[in-house]
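K.L.:
Chain residues, written in single-letter form:
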Amino acid sequence: MKLVKSAALAAAMAFAAGGASAETVKIAFIDPLSGPFGPSGTAGLHQWEHAVSEVNADGGMNGATLEMVPFDNKVSPKESLVQLQKAIDRGIRFIAQGNGSSVASAIIGAVNKHNKRNPGDEVLFMNYAAVDPAFTNDRCSFWHFRFDSHVDMKMAAATDWISEREDIKNVYVIGQDYSFGKAVAKAAVTQLAEKRPDIEIVGNELHPLGRVKDFTPYIQKIISSDADAVITGNWGADMVLLVKAAMDSGLEAPILTYYGGSLGAATAMGKAAVGQVLQVSEFVENYPTTDAQIARIEDYEKTYPEYDYYYHRAYNAVNFLDMAAEKAGSNDPVDIAFAMEGMTYDGPYGKVTMRAKDHQVLQDLFVSTFSADVERDVEDTGLGWTASDADRIAAGATAQPTTCQMDRPER
Amino acid sequence: METIVFSLLNGVIYGLLLFMLSSGLTLIFSMMGVLNFAHASFYMLGAYFAYSIMGVTNFWIALILAPVLVGLVGAAVEKWGLRNVHAHGHVAELLFTFGLAYLIDEMVKIVWGRSSVDYRVPEVLDFPLFELFGAEYPAYRVFILMVSVGMLVALWFILNRTRAGLIIRAALTHPHMVGHLGHNVPRIFMLVFGAGCALAGLAGVIGGNYLVTDPAMAVQMGPIVFVVVVVGGLGSLTGAFLAAMLLGLMQTFAVGVDASFADLFGWLGLTATSELGGITIASLAPMIPFLMLVLILMIRPRGLMGDREL
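Protein sequence lines correspond, in order, to chains L and B.
Under numbering that gives the first Met the number 0, think of the first position of the first sequence as 0, with each following residue one higher.
Under numbering that gives the first Met the number 0, think of the first position of the second sequence as 0, with each following residue one higher.
The hints are simulated quantities; they were obtained by calculation from the structure and are not laboratory data.
Incorrect hints may have been included.
[Stated by the list, open to error] Ranges of calculated distance between the beta carbons of each label pair, as one might list FRET restraints:
#: 1; chain 1: B; residue 1: P222; chain 2: L; residue 2: N169; range: 45 to 51 Å
#: 2; chain 1: L; residue 1: V273; chain 2: B; residue 2: I60; range: 51 to 57 Å
#: 3; chain 1: L; residue 1: M405; chain 2: B; residue 2: E130; range: 44 to 50 Å
#: 4; chain 1: B; residue 1: T237; chain 2: L; residue 2: E251; range: 49 to 55 Å
#: 5; chain 1: B; residue 1: E130; chain 2: L; residue 2: D372; range: 24 to 30 Å
#: 6; chain 1: B; residue 1: L102; chain 2: L; residue 2: R210; range: 51 to 57 Å
#: 7; chain 1: B; residue 1: G265; chain 2: L; residue 2: K194; range: 28 to 34 Å
#: 8; chain 1: L; residue 1: E251; chain 2: B; residue 2: M0; range: 16 to 22 Å
#: 9; chain 1: B; residue 1: T237; chain 2: L; residue 2: E374; range: 29 to 35 Å
#: 10; chain 1: B; residue 1: P222; chain 2: L; residue 2: D372; range: 43 to 49 Å
#: 11; chain 1: L; residue 1: G381; chain 2: B; residue 2: F129; range: 51 to 57 Å
#: 12; chain 1: L; residue 1: D166; chain 2: B; residue 2: T56; range: 46 to 52 Å
#: 13; chain 1: B; residue 1: T56; chain 2: L; residue 2: V188; range: 49 to 55 Å
Cβ atoms here follow ideal geometry from the backbone N, Cα and C, with glycine treated the same way.
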């Protein structure tokens, strides 16, 4: 009942807002909306749209209506720059992107350049999923804010999990052949060497991004390497096909993933993956949380029945944007950027902080397990992700040092 | 040892799938001189048709009906499209099939969407058949193997033991002579085009759920199929078969091999930490088909078994 009421209210508010104030603040969503990574991008877009609708229902960003404008970049950095220019030409000053660190890297470069050349017309980049550590270290930028924990932070959780298990002696690392996959491999090798020098890396493989259609040869290599655990950063179709082949070939080692929750993966994994596939993320659907958050999940899954609630960080990003705009009393990207630095927000999964030093979000992380005993399943499989308090890593513990020397504009 | 056995099995299956796709193209190419750019699109259509038919009936009906449908589409394209363009020479034909490939691509995107569809292996075949060196082997792969071999035998029988096959073989090597002998060459062309497309469709039906069914599958398969035809040699199905198997095996073996340039050329002083030495054999797998294409055109332009120059 409460849900229906709030939905009705949302509709009424959106209508009222649309009628009363003509001002709209547009956010360009530049991500793959077709091809092998299309499902990932589309799922992200819906989550942002839902998050934005909440802010709009609540009176908007300083009264202005937020609107998501989708741009399909086909995970190509080159195409992304064309789309970014298109967005800027249309007067859009907030950019959201997440899929592909190669893309994020290009966007950071372009945004830096644009903002330098066009003072008074700056754009702000909200990165919700590109996790190459460099973006908040050597390549950090005042105009970039990351709302996902980066590779090294998530890897710390994964390697902690491994180092607690004495029976794991051999680890296999497989990833996509681009900056992100390389960052994952590097983090795994260096962190395991520190935490468990006795562990041997029996395989460290990179495969072409989005081009492998049959992972069976890779899986058979993993099986014959006698790996006790597999670490992968794969996402999108590469994640789905990897686990599909792993299940088909009867791989028994646990698989530690960054994106085991990629759309389609649960269907491909099925019952065979229960207890075997783990995911390091900021959101676990079956972790106990507030009623408001449960209502939000239900509302999302009712609005988009084809999708499961997954990108919780989209809500964090939109909330930060809204709060920063309110704090600054302005909808200008420069004011918002300054206001967002060091801001904190009490989320349904713990406190979220935007570290001022490098614009890296600090949030609690969970090592969740794919399970058959769940209240909320994914993709109508009857299976889903669970985590207990023991699997929770406090935000402070996930923090990593940064080499960032931030260049701030003058005020 | 494990690597070799598994690579062999997977390589043979991939090779057979490639052959099923390219046999139709070889027939069409050598007989009509048409380099059918849309051939891989018919492969994609096969997968999508099967997905839709499976939605309302079951996989077995899809296995029969989808290739027939694709074959009919192919025959229709030849009869009402390609035949008119044929009069204007090869460039026009090339452009026609080129446009057709894009047309089919876009149509698939409109009808079935831009992302991959959930075309699954039928449940009857979704179980591990046997276990080898600790890894399970899915039954569906063996099913692919059987369907491909069955198709291979049927194709061989039709071409070598029937009257229709006799005419087709004659038309492969001496297309003009067959016409002069009073055979209805346009109709043969239509049948061969239709049958070639149906073969591509069949490859789509059994390959679509083995790999992925998405609008990009035609674009990804297309170039590799051309490599098979060129490497195998014009007008030679045996050549296409050899080339397909060679490609399938080389690509899967490359992934399976755990070595880098440094291991191979270490005696030249190449170290694993250098740029070149760090390249692994596995990362070369996607490049192999095109390396083969370039090499064969340099060394033996008529292909492995072909008797005509390109």
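K.L.:
Hint says 49 to 55 Å; check whether the CB-CB distance for T237/B and E251/L agrees.
P.N.:
violated (42 Å)
K.L.:
Hint says 24 to 30 Å; check whether the CB-CB distance for E130/B and D372/L agrees.
P.N.:
Hint holds: Cβ distance 28 Å, inside 24 to 30 Å.
K.L.:
For the hint 51 to 57 Å, verify it against the beta carbon of V273/L and that of I60/B.
P.N.:
violated (33 Å)
K.L.:
Between the beta carbons of P222/B and D372/L, is the distance compatible with 43 to 49 Å?
P.N.:
holds (47 Å)
K.L.:
Using the C-beta atoms of G265/B and K194/L, is the stated range 28 to 34 Å upheld?
P.N.:
holds (32 Å)
K.L.:
Using the beta carbons of M405/L and E130/B, state whether their distance is inside 44 to 50 Å or not.
P.N.:
56 Å Cβ-Cβ, so the 44 to 50 Å window is violated.
K.L.:
Do T237/B and E374/L keep their Cβ atoms within the hinted range of 29 to 35 Å?
P.N.:
Hint violated: Cβ distance 60 Å, outside 29 to 35 Å.
K.L.:
I want to verify a distance hint. Is the separation of the beta carbons of P222/B and N169/L within 45 to 51 Å?
P.N.:
Since P222/B and N169/L have Cβ atoms about 38 Å apart, the given range 45 to 51 Å is violated.
K.L.:
Holds or violated: the 49 to 55 Å window for the beta-carbon distance between T56/B and V188/L?
P.N.:
holds (51 Å)
K.L.:
Can you tell me whether the CB distance of E251/L to M0/B sits inside 16 to 22 Å?
P.N.:
holds (20 Å)
K.L.:
Tell me if the beta carbons of G381/L and F129/B are separated by a distance inside 51 to 57 Å.
P.N.:
violated (29 Å)
K.L.:
Taking the Cβ atom of D166/L and the Cβ atom of T56/B, is their distance within the range 46 to 52 Å?
P.N.:
holds (48 Å)
In this structure, the hints that do not hold are numbers 1, 2, 3, 4, 6, 9, 11, in rising order.
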